[in-house]
Amino acid sequence: MSKQDGSDRQVSDDAVDSSTATILHVDLDSFFASVELLDRPDLVNRPVVVAGNSMRSVVTAANYPARKFGVRSAIPLSQALRLCPHAVVLPPHREKYTYYSRKVMAIFDDMTPLVERLGIDEAFLDVAGARGLLGSPAEIGRAIRQRVHDETRLTCSVGAASVKFVAKIASGRAKPDGLLVVPADRTLEFLHPLPVSQLRGVGAATEESLTSRGLRTIGDVAALGLPALQRAVGLAAGHKLHELANGRDPRRVTPGVAEKSAGHEVTFEVDVTDAEVLRRELLRQADAVAVRLRAGGWVGRTVVLKLRYSDFTTITRSRTIAEPTDLGRRIYEEVRSIYDGLGAHRSVRLIGVRVEQLSAKGDERASLWDDDAEWRLAEQAIDGVAEKFGRGSLRPASLIRPAGNLVNKGRLGDARQKPRAGD
Amino acid sequence: MKFQVNRDVFSEAVSFAVKLLPQRTTLPILSGVLIEASDAALTLSSFDYEVSAQTSIAADIQESGRVLVSGRLLADIASRLPNAPITMTTEGSRVTVSCGTANFTLLSMPVEEYPNLPQVSEQSGILSAEDFAAAVSQVAVAASRDDVTPVITGVQLEVSAGSLSLVATDRYRVAVRGIAWDSAGSDVDAATALVPARTLQEIGKTFGHSGSISVSIARSDERELIAFQSEKRTVTSLLIKGNFPPVRRLFPEIVDNFAVMNTAELVEAVRRVSLVLEREAALRFSFSVDGVKLEAVGSEQAQASESIDAFLTGGDMVVSLKPQFLLDGIGAVRTEFVRISFTKTDNPNKPGPVMITSQTSKDQAGADDYRYLLQPNLLLR
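Going down the list, the protein sequences come from chains A and B. Reminder that position 376 of the first sequence reads as 376 in this note's numbering, one-by-one numbering, no gaps. Reminder that position 254 of the second sequence reads as 254 in this note's numbering, one-by-one numbering, no gaps.
Hint data in this document are derived by calculation from the structure and do not stem from the laboratory. Note that beta-carbon positions come from the ideal geometry of N, C-alpha and C, so glycine has one too. Heads up, a few of these hints could be off.
Which bits of chain A does chain B cover? Going by a derived footprint, with three or more residues having C-beta under 8 angstroms, they are [stated by the list, open to error]:
(1) 120 to 131
(2) 248 to 254
DSBU-like cross-link-like pairs, simulated, lysine-lysine; straight-line CA separation at most 30 angstroms [unchecked claim]:
(3) LYS240/A with LYS103/A
(4) LYS241/B with LYS205/B
(5) LYS362/B with LYS293/B
(6) LYS293/B with LYS103/A
(7) LYS260/A with LYS350/B
(8) LYS232/B with LYS205/B
(9) LYS19/B with LYS2/B
(10) LYS19/B with LYS293/B
(11) LYS103/A with LYS350/B
Whole structure, please, built from the sequences with the hints as guidance.
Here is the structure:
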């Protein structure tokens with residue numbers, strides 16, 4: 001894994017031939033922390049962490065001087081201050097992040113219509129068609145970096161490559177404030193020395209399984225050959241890894257059309273009649289939808305419940321709420337109230353939660369009070385923990401079930417908490 | 001049924017009776033106006049199960065009776081009739097309206113299916129019509145128009161200790177004003193009623209010049225009803241169910257940072273500068289000892305700014321306000337000057353609300369207790 005503090009930074013010089021590296025990945029450098037520092041230029045060279053003002057908060061972002069002490073996003077603030085006692089703690093201002101994100105995305109839109117937004121602070125750009133007008137990909141990358149800096153005083157890093165995942169790795173290697181071009185014919189030379197964990201889809205478990213076979217670098221994986229790799233990690237994952245290790249990634253840059261809805265649904269393996277089980281599933285899905293909304297910087301105004309009964313009749317019921325939300329608790333309360341209002345239920349085959357009428361977060365008007373203020377804080381904290389420990393490490397108590405019970409996936413009904421000693 | 005009536009009196013009565021009828025109704029008979037002729041009076045009524053309106057006028061009744069005809073059509077006809085006495089007669093299901101040289105024949109609707117109007121309970125108190133109309137127009141503008149949250153589409157009326165206060169909010173602003181309440185021998189000196197803002201606005205307009213208004217609040221068994229009566233006119237409305245949010249606590253207790261401006265100058269400047277703003281965008285106000293500077297930023301094609309006099313007490317302040325919301329508040333201040341007060345907040349993601357109050361001179365606060373609280377937008381550099 002990259003050290004995240006810029007100590008192993010790798011950038012291209014001006015002479016690099018970028019004509020084949022037409023996919024750019026642009027990523028703002030420690031975005032939240034950098035935005036906060038715009039108002040506190042005096043702190044730029046000091047370690048700064050962005051976090052809520054309670055010692056139980058988690059770190060939302062850290063600037064590079066703080067990262068040198070091992071401070072990372074999503075670690076508890078108390079731990080961050082143990083690692084770096086003289087760090088300055090600044091409170092987060094989420095509306096400002098949305099504002100700057102939009103300014104930066106507008107710069108990308110000026111370069112090419114093929115912009116695929118990833119969350120609030122990064123995007124893929126396909127600049128193949130822009131070369132005639134704006135110059136080589138490296139020149140476009142430099143122009144983007146210049147304009148972002150001129151118009152926002154923020155810095156970003158750009159990776160340019162012939163395929164998406166390599167561009168993304170390259171921008172990570174160029175951080176902070178750098179540009180790294182990986183021409184098509186040097187893709188393998190760039191990839192192969194990197195650790196396997198840099199490949200998309202290689203999590204802790206796959207990495208463990210690969211390293212236990214002595215496969216430490218991407219080059220090792222490429223050299224192994226497809227059949228052996230598939231024996232090691234399975235057919236589908238093996239095929240995917242083989243493609244990536246050889247620098248192949250067929251995904252195209254797909255402009256992020258404004259999302260119209262975000263939803264989840266599940267078909268039970270065995271139809272469910274227990275209302276409590278269904279409500280728990282609604283809670284789980286509401287949370288999952290809310291996580292997606294927050295990740296994309298959206299809020300939604302209409303909440304939809306979908307039910308398919310055992311006889312395949314399907315109903316959807318929607319409700320519009322007063323203020324657009326990205327909170328799982330609000331979404332859950334609405335779908336649950338719709339569900340409870342439906343009266344007696346037959347047995348349910350499929351249940352789903354969707355949020356529609358999405359708009360960009362930060363567009364909503366400032367209101368005098370917030371009915372969901374406490375839940376908002378709670379869910380922001382959960383997001384912080386999830387960034388560090390993965391989704392699911394913190395969840396509503398009613399969704400906890402014994403570890404290892406994966407057999408009945410999709411059937412939460414079988415998950416009952418066992419009474420523990422002392423209960 | 002047969003009667004003769006003065007054209008202006010009739011036209012005014014019909015227009016009062018149909019004014020509160022909904023534009024669309026599921027039951028056609030509810031779009032009707034009920035005309036009842038008996039003894040020496042003509043009574044016109046409308047009712048849609050939520051709101052009722054009733055008025056009595058003098059008429060020369062030749063034959064008593066009841067008839068139900070389309071309210072809007074009758075109102076349109078009555079307002080266009082020539083200046084001559086109107087004669088209305090019924091023959092079976094046909095209603096004939098004759099006036100000078102004009103004749104109309106209308107089909108009557110089944111009067112026996114028309115619901116009974118709600119009974120008005122005992123009087124709870126008396127209001128000055130003029131004060132009430134003014135207070136409604138100042139406060140109702142802040143009520144929400146979004147049916148998603150019905151409870152804030154109403155104006156909350158609160159009676160306590162000789163005063164009636166009106167409160168409305170749409171989450172972005174809160175308007176409050178109190179007027180004198182004369183409990184007039186009734187034992188009602190504490191009550192609340194949440195009345196649809198639209199209905200209240202019509203009542204304010206219709207009753208504004210009638211001297212005094214008698215109010216009845218009935219919160220018994222299933223019915224929650226308010227009635228307003230003045231002269232020979234009565235309007236009743238069902239109350240909105242639910243608890244009005246506790247918005248009064250949002251108002252600051254102590255204000256030591258505020259600016260006083262000439263009301264007309266501020267209105268003019270806000271209207272001018274906001275011309276360049278895009279929809280939903282906010283104006284930036286920078287208050288200092290030198291005055292207040294208004295800036296319209298955020299639009300690519302055009303910017304604008306203007307500075308006007310302001311008398312500042314306390315420290316410099318910068319706030320970002322939606323122009324229409326600000327104008328709704330300033331427009332409700334009926335004094336030559338207006339005071340904008342700033343409140344402090346600990347939340348970095350949310351500026352403290354600003355409060356608008358009246359001010360008769362640059363040093364003298366206004367006599368009324370109208371207060372308008374507005375949430376500023378977050379300041380983006």
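Checked hints:
1. 120 to 131: Our answer is that it is violated, as 0 residues pass the Cβ test (under 8 angstroms) against chain B, missing three.
2. 248 to 254: n = 0 at 8 angstroms, threshold three: violated.
3. LYS240/A with LYS103/A: The given pair, whose Cα atoms are some 36 angstroms apart, is violated under the 30 angstroms limit.
4. LYS241/B with LYS205/B: At roughly 24 angstroms apart (the allowed maximum being 30 angstroms), LYS205/B and LYS241/B satisfy the hint.
5. LYS362/B with LYS293/B: Holds. LYS362/B to LYS293/B sits at ~18 angstroms (cutoff 30 angstroms).
6. LYS293/B with LYS103/A: Status holds; Cα separation ~26 angstroms.
7. LYS260/A with LYS350/B: Given that 30 angstroms is the threshold and the Cα spacing comes to 28 angstroms, the pair holds.
8. LYS232/B with LYS205/B: Holds: LYS232/B and LYS205/B sit about 16 angstroms apart, inside 30 angstroms.
9. LYS19/B with LYS2/B: Since the Cα atoms of LYS19/B and LYS2/B sit roughly 25 angstroms apart, the hinted pair holds (cutoff 30 angstroms).
10. LYS19/B with LYS293/B: 44 angstroms, violated
11. LYS103/A with LYS350/B: Judged against 30 angstroms, a Cα distance of about 21 angstroms means the pair holds.
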